[in-house]
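Enquirer: Let's have the full structure, built from the sequences with the hints guiding it.
Chains as they are written, first to last, in my numbering: chain A, 1 to 329; chain B, 1 to 368.
Derived from the structure by calculation, the hints contain no laboratory data.
Quick caveat, the model's predicted, so the values are computed rather than measured.
There may be inaccurate statements among the hints.
Interface residues of chain B toward chain A, partial, derived using beta-carbon atoms under 10 Å [what the hints assert, rightly or not]:
hint : residue
1    : Pro-60
2    : Asp-62
3    : Ile-63
4    : Phe-65
5    : Val-66
6    : Gln-69
7    : Leu-199
8    : Pro-203
9    : Leu-215
10   : Ala-300
11   : Gln-326
12   : Val-342
13   : Thr-344
14   : Val-345
15   : Phe-348
16   : Leu-350
Result set (SDA-like, lysine to any residue): computed pairs, CA atoms no more than 25 Å apart in a straight line [to be verified]:
hint : chain 1 : residue 1 : chain 2 : residue 2
17   : B       : Lys-82    : B       : Glu-114
18   : A       : Lys-223   : A       : Leu-120
19   : A       : Lys-222   : B       : Pro-133
20   : A       : Lys-222   : B       : Glu-197
21   : A       : Lys-238   : A       : Leu-212
22   : A       : Lys-3     : B       : Ser-190
23   : A       : Lys-238   : A       : Leu-317
24   : A       : Lys-3     : B       : Arg-194
25   : A       : Lys-3     : B       : Gln-193
26   : A       : Lys-3     : B       : Asp-255
27   : A       : Lys-232   : A       : Asn-216
28   : B       : Lys-82    : B       : Pro-133
29   : A       : Lys-223   : B       : Arg-194
Among chain A residues calculated to face chain B with C-beta under 8 Å, some are [what the hints assert, rightly or not]:
hint : residue
30   : Thr-15
31   : Leu-143
32   : Ile-144
33   : Leu-152
34   : Leu-155
35   : Tyr-162
36   : Val-273
37   : Pro-277
38   : Val-284
39   : Leu-287
40   : Ile-299
Where is the CB? At the ideal position from N, CA and C, for every residue including glycine.
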Amino acid sequence: MRKYVIRRLLGMIPTLAIISIIVFVVIQLPEGDIVTSTLDQLSATGVDLSDDRIQNLRAQYNLDQPLPVQYLAWIGNFITGDMGFSYLYAQPVNELVWERLGYTLLITTCALLFTWVLALPIGIYSAVRQYSVADYAFTTIGLIGLATPNFLVALILMYFGYTWFGLSFGGLFSPEYLNVPWSWGRFRDMLAHLWIPVVVIGTSGMAITMRLMRANLLDELKKPYVITARAKGVPPLKLLLKYPVRIAINPFISTIGLLLPALISGEAIVGVVLNLPTTGPLLVQSLITQDMYLAGSLIMMLSVLTVVGMLLSDLLLAWVDPRIRYERA
Amino acid sequence: MSELRELSPSRLAWLRFRRHRLAILAACFLVVLYTLAAFCEFISPYTPEQRNVRAINAPPMDIRFVDAQGQFHFRPFVYDLKLTINPDTWMREYEEDSSTPYPLRFFAKGVPYELWGLVPAERHLFSVDPRGPGYIHWFGTDSLGRDMFSRVLYGARVSLSIGIVGVGLTLFLGILLGGFAGYLGGIVDSVVQRITEVLQSIPTLPLWMALSAALPTAWSPITTYFGVTLILSLFGWTTLARQVRGRFLAMREEDFVVAARLLGANDSRVIFRHMLPSFSSHIITTATLAVPAMMLGETALSFLGIGLRAPVVSWGVLLQQAQNYQVIVMTPWLLLPGAFIVVTVIAFNLLGDGLRDAADPYSSLSEK
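Expert: In structure tokens:
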């Protein structure tokens, strides 16, 4: 097991390296760089810098170096925790991202748990009562959930929340708790706001997980050992939960890997609609204003989050399923 | 049984497909929708940029057959909208004025347009006499007084085609890379596999966002359109490539492939003549199920303002107007493009499910 964990950990390194190269290329794509845009802004205010100063500026940001060197400088700083300087906010990226990343992680994790807590029993029920009215109803709801973009769910929820209950959604805190230190009241206030994005983001993954659980369990239920157990008089509920569900749940865990990028993607856009203090709105802002250090760091952090999440799901799977071989085949 | 009837594989597939009522329904719906989108200039009563300053943020109008006196009219009509400003909120409020009906005219001359940008024409499927004061806004209007029905139809053209074009590109990349990986094996295989894994572990939306934000704003609408489509398919091919690779690996050892190779067929003939046809139905199914992802991707990007941009009308661009709850509560009809997205995506999913069953030669006809 330990060997397996170490091998998976090492396997992450090339993946992250390739991702970082992709991210670096992407943030280099727009024309111009931080110096040219600074110069533009300065010359707009009537200040013209001498060529020497420009060269110094370029050197300061490593822009006079060839691209591979720039990449190494960027990734080297990134690993040591220096993510560069946000042009838009005139602050080091470090100070901007961590809190927001925390909220993103919180919301995504809750959304994942929400998806599971709901999809698991529904999937089991749909499999056991196949072709029942409820089965069809859940399938239909799942289908609609799959087809509705996250942000549309958020918009519709906002509409009904306002017209029916007079609530105005948005944000993660009430105004009075916005900029105060953490307290019990602030925590409770956050919980009261948290469920909305969690539900909105969770719905998209619900359909897939539900159908997967249903299909897996249906396959298991047909197997001879279930019939044997039933013939021997094992109580139905005990039989169901003790054997087929335990086996059917395995692919369920392995889909965290598929679900996680989708959830993080979903969070990015729902964060904008619901005005959450997460990475999503910051990313959109930074991309529109081409604040590329900020954008690159954010995409990189979200990718790291996903890769680590996938690793955890693989480890969880290996722990749950004794049939997984740790050694290389 | 008097005699054995012989059915071709495609006939069998059709029989299996026909059993899926929902899939048939979805297919019909999509055909109608694509036809509407193809002829949107003719079907919509206005052009998408045309402003009606007398009906700004007007709610959807009812098309009526029965008037306020209970009289039935064979020719449908709409009532005029009377605008009042609410003295408390300063909001525009519209009220139907049943004293002035505007009858609908069919195939009548209206705003001139060019069909597909080529054929000049001025007849519309339905309209209200543009020389009079009347107007028809079946889906209401937006904050600039532009007709939502016309805009939804024009948007359908962009949103629906981006799904197809994007999937075309995805198919190309997926089959090419997956095919190479599966057929050649070895280093090529492990490189493609590695890339696939990496791409699948990146959250796509942030990367899509970054790439499409990098598209120069100076690009013409059509270039941006293809740029966005390319970006969407750049990360969409991985699933398909994995499937194609798996199939190729399995099929490489099949008797008929070995036989073809022994008979001296070269690689491309083996691939295109013998291997591809045997799972083309599978590819079609996967492609159908991939269309919604493309459409949702475009919608998300345009909604955030970094996909397609303003002069282009797509469902995502239209939804961009409805970003905060004040707008949604005041003018909920701006969410109508969203309803179109949902229904279209559901239709594609149902169609894909039906096709999957039809394409599977082992699913029996008698079952259920």
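Enquirer: It remains to establish, for every hint, whether it holds in the given structure.
Expert: A quick look at each hint next to the structure:
Checking B:Pro-60 against chain A by beta carbon gives a least distance of about 15 Å; that is not within 10 Å, so the hint is violated. Given the 10 Å rule on beta carbons, the hint for B:Asp-62 is violated: about 21 Å separates it from the nearest Cβ of chain A. Below 10 Å, beta-carbon pairs count as interface contacts, and B:Ile-63 has none with chain A, the closest being about 24 Å; its hint is therefore violated. With its C-beta approaching chain A no nearer than about 30 Å, B:Phe-65 sits outside the 10 Å limit, and its interface hint is violated.
Against a cut-off of 10 Å between C-beta atoms, the interface hint on B:Val-66 is violated, since the closest Cβ of chain A lies about 29 Å away. Against a cut-off of 10 Å between C-beta atoms, the interface hint on B:Gln-69 is violated, since the closest Cβ of chain A lies about 33 Å away. For the restraint placing B:Leu-199 at the interface with chain A, the shortest Cβ-Cβ distance is roughly 8 Å, inside the 10 Å limit, so the hint holds. Satisfaction of the interface hint for B:Pro-203 is found here, the shortest Cβ-Cβ separation to chain A being roughly 4 Å, below the 10 Å cut-off.
With a least beta-carbon distance of about 9 Å to chain A, the hint placing B:Leu-215 at the interface is held under the 10 Å criterion. The interface hint given for B:Ala-300 holds, since its Cβ lies 5 Å from the closest Cβ of chain A, which is under the 10 Å cut-off. About 9 Å separates the beta-carbon of B:Gln-326 from the nearest beta-carbon of chain A, less than 10 Å, and the hint is met. Interface hint status for B:Val-342: upheld, as the beta-carbon distance to the closest one in chain A is roughly 5 Å, under 10 Å.
A cut of 10 Å between beta carbons decides the hint on B:Thr-344: the least distance to chain A is about 8 Å, and the hint holds. For B:Val-345, the interface hint holds, since its Cβ comes within 10 Å of a Cβ in chain A; the closest pair sits about 4 Å apart. The criterion of a C-beta within 10 Å of any C-beta in chain A is met by B:Phe-348, whose closest approach is roughly 8 Å, and the hint holds. Using the Cβ-Cβ criterion of 10 Å, the hint placing B:Leu-350 at the interface with chain A is satisfied: the shortest such distance is roughly 8 Å.
The straight-line distance between the Cα atoms of B:Lys-82 and B:Glu-114 is roughly 33 Å, outside the 25 Å bound, and the hint therefore fails. Simply put, A:Lys-223 and A:Leu-120 have alpha-carbon atoms about 20 Å apart, close enough for the 25 Å limit, and the pair holds. As the CA atoms of A:Lys-222 and B:Pro-133 are separated by approximately 69 Å, the hinted pair breaks the 25 Å bound. Taking the CA atoms of A:Lys-222 and B:Glu-197, the gap is about 33 Å. The hint is violated against a cut of 25 Å.
Between A:Lys-238 and A:Leu-212 the CA atoms are separated by roughly 22 Å; this keeps the pair inside 25 Å, and the hint holds. In summary, the hint linking A:Lys-3 to B:Ser-190 is supported, as the alpha carbons are separated by about 23 Å, within the 25 Å threshold. For the hint pairing A:Lys-238 with A:Leu-317, the CA-to-CA distance comes to about 23 Å; that is within 25 Å, so the pair holds. Proposed proximity of A:Lys-3 and B:Arg-194 is supported: the alpha carbons are some 21 Å apart, at most 25 Å.
Our distance criterion of 25 Å between C-alpha atoms is met by A:Lys-3 and B:Gln-193, whose separation comes to about 23 Å. For the proposed pair A:Lys-3 and B:Asp-255, the alpha carbon gap of about 40 Å is over 25 Å, so the pair is violated. For the proposed pair A:Lys-232 and A:Asn-216, the alpha carbon gap of about 23 Å is at most 25 Å, so the pair holds. Straight-line distance between C-alpha atoms of B:Lys-82 and B:Pro-133 comes to about 12 Å, which keeps the hinted pair within the 25 Å bound.
Our distance criterion of 25 Å between C-alpha atoms is broken by A:Lys-223 and B:Arg-194, whose separation comes to about 36 Å. A least Cβ separation of about 5 Å between A:Thr-15 and chain B falls short of the 8 Å threshold, and the interface hint therefore holds. For A:Leu-143, the suggested interface contact is upheld, since its CB lies about 6 Å from the closest CB of chain B, less than 8 Å. For A:Ile-144, the shortest C-beta to C-beta distance to chain B is roughly 7 Å, which falls under 8 Å, so the interface hint holds.
Of the supplied interface hints, the one on A:Leu-152 holds, with its beta-carbon coming within about 4 Å of a beta-carbon of chain B, less than 8 Å. Evaluation of the A:Leu-155 hint against chain B yields a held restraint, the C-beta minimum of about 6 Å falling below 8 Å. For A:Tyr-162, the shortest C-beta to C-beta distance to chain B is roughly 5 Å, which falls under 8 Å, so the interface hint holds. At a threshold of 8 Å, the smallest CB-CB gap from A:Val-273 to chain B is about 7 Å, leaving the interface hint in force.
Hint status for A:Pro-277 relative to chain B: violated, with the closest Cβ pair at about 17 Å, above 8 Å. Among the interface hints, the one on A:Val-284 holds; its C-beta lies about 5 Å from the nearest C-beta in chain B, closer than the 8 Å criterion. A cut of 8 Å between beta carbons decides the hint on A:Leu-287: the least distance to chain B is about 4 Å, and the hint holds. Given hint, A:Ile-299 at the interface with chain B, holds; its Cβ is 5 Å from that chain's nearest Cβ, closer than 8 Å.
Violated hints for the displayed structure, listed by number in ascending order: 1, 2, 3, 4, 5, 6, 17, 19, 20, 26, 29, 37.
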